[in-house]
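Protein sequences appear in the order of chains A and B. For what it's worth, the working numbering labels the leading residue of the first sequence as 1, then goes sequentially. For what it's worth, the working numbering labels the leading residue of the second sequence as 1, then goes sequentially.
Please note that a few of the clues may not be correct.
Stated by the list, open to error - In silico BS3-like links for lysine-lysine, alpha-carbon gap of 30 Å or less:
1. B:Lys70 - A:Lys57
2. A:Lys9 - A:Lys83
3. A:Lys57 - A:Lys9
4. B:Lys56 - B:Lys26
5. B:Lys26 - A:Lys57
6. A:Lys71 - A:Lys57
Treat the hints as calculated values from the structure; they're not laboratory data.
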Amino acid sequence: DGGITQSPKYLFRKEGQNVTLSCEQNLNHDAMYWYRQDPGQGLRLIYYSQIVNDFQKGDIAEGYSVSREKKESFPLTVTSAQKNPTAFYLCASSIRGGGQSYNEQFFGPGTRLTVL
Amino acid sequence: SQQGEEDPQALSIQEGENATMNCSYKTSINNLQWYRQNSGRGLVHLILIRSNEREKHSGRLRVTLDTSKKSSSLLITASRAADTASYFCATDSNDYKLSFGAGTTVTVRA
Numbered sequence: 001d002g003g004i005t006q007s008p009k010y011l012f013r014k015e016g017q018n019v020t021l022s023c024e025q026n027l028n029h030d031a032m033y034w035y036r037q038d039p040g041q042g043l044r045l046i047y048y049s050q051i052v053n054d055f056q057k058g059d060i061a062e063g064y065s066v067s068r069e070k071k072e073s074f075p076l077t078v079t080s081a082q083k084n085p086t087a088f089y090l091c092a093s094s095i096r097g098g099g100q101s102y103n104e105q106f107f108g109p110g111t112r113l114t115v116l
Numbered sequence: 001s002q003q004g005e006e007d008p009q010a011l012s013i014q015e016g017e018n019a020t021m022n023c024s025y026k027t028s029i030n031n032l033q034w035y036r037q038n039s040g041r042g043l044v045h046l047i048l049i050r051s052n053e054r055e056k057h058s059g060r061l062r063v064t065l066d067t068s069k070k071s072s073s074l075l076i077t078a079s080r081a082a083d084t085a086s087y088f089c090a091t092d093s094n095d096y097k098l099s100f101g102a103g104t105t106v107t108v109r110a
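All chains should be built: construct the whole structure from the sequences, respecting the hints.
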């Protein structure tokens, strides 16, 4: 089955801890994205990567970090510097980065992070 | 930054009725996309309309785009209970990312 997976589904963190959210895709997509969704809100872009070993900050990158060492994987670390990390985190991928006419994104099932 | 804004924020309809939601945006776009999100799940791509297209159909979905007004509409015909979800528009403005609106929550009553 081709798709994009995220783990864990639920994550609880104590204040001051760093946590890493996993995102894996076997769609052979070049581009990957991390979004944050708060209740009743749309998606806000945290980081995105158009190609392996390269990534760019999105609109709300402060307190987050990413790596893109493999095409299939784009983990997101929520650091202790992120003041309000409780949210629903969504990972997505697309065949290529933007600037193309067919930039449809495929989403994972999400990780719900709660800070205790 | 959030470019798209959906209207209305919430919509409740009877099964079998049509549902219409609108999206307005601010800057020029390459294409506009609509996504659906069931509660607590990831988003699913529904339809993409390019900036040089005015209307597109996919099954029970009809999307229009008016670039002069910077607006789009999504029509779901003959709604079903399974259409209950949040619907988001997303704009692709040639800057390597999509900008999502806050969404329209649709409830279809049996």
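Verification of the hints:
| no. | hint | result |
| --- | --- | --- |
| 1 | B:Lys70 - A:Lys57 | 27 Å, holds |
| 2 | A:Lys9 - A:Lys83 | 21 Å, holds |
| 3 | A:Lys57 - A:Lys9 | 24 Å, holds |
| 4 | B:Lys56 - B:Lys26 | 21 Å, holds |
| 5 | B:Lys26 - A:Lys57 | 22 Å, holds |
| 6 | A:Lys71 - A:Lys57 | 18 Å, holds |
When the structure is compared with the earlier hints, no violation turns up for any of them.
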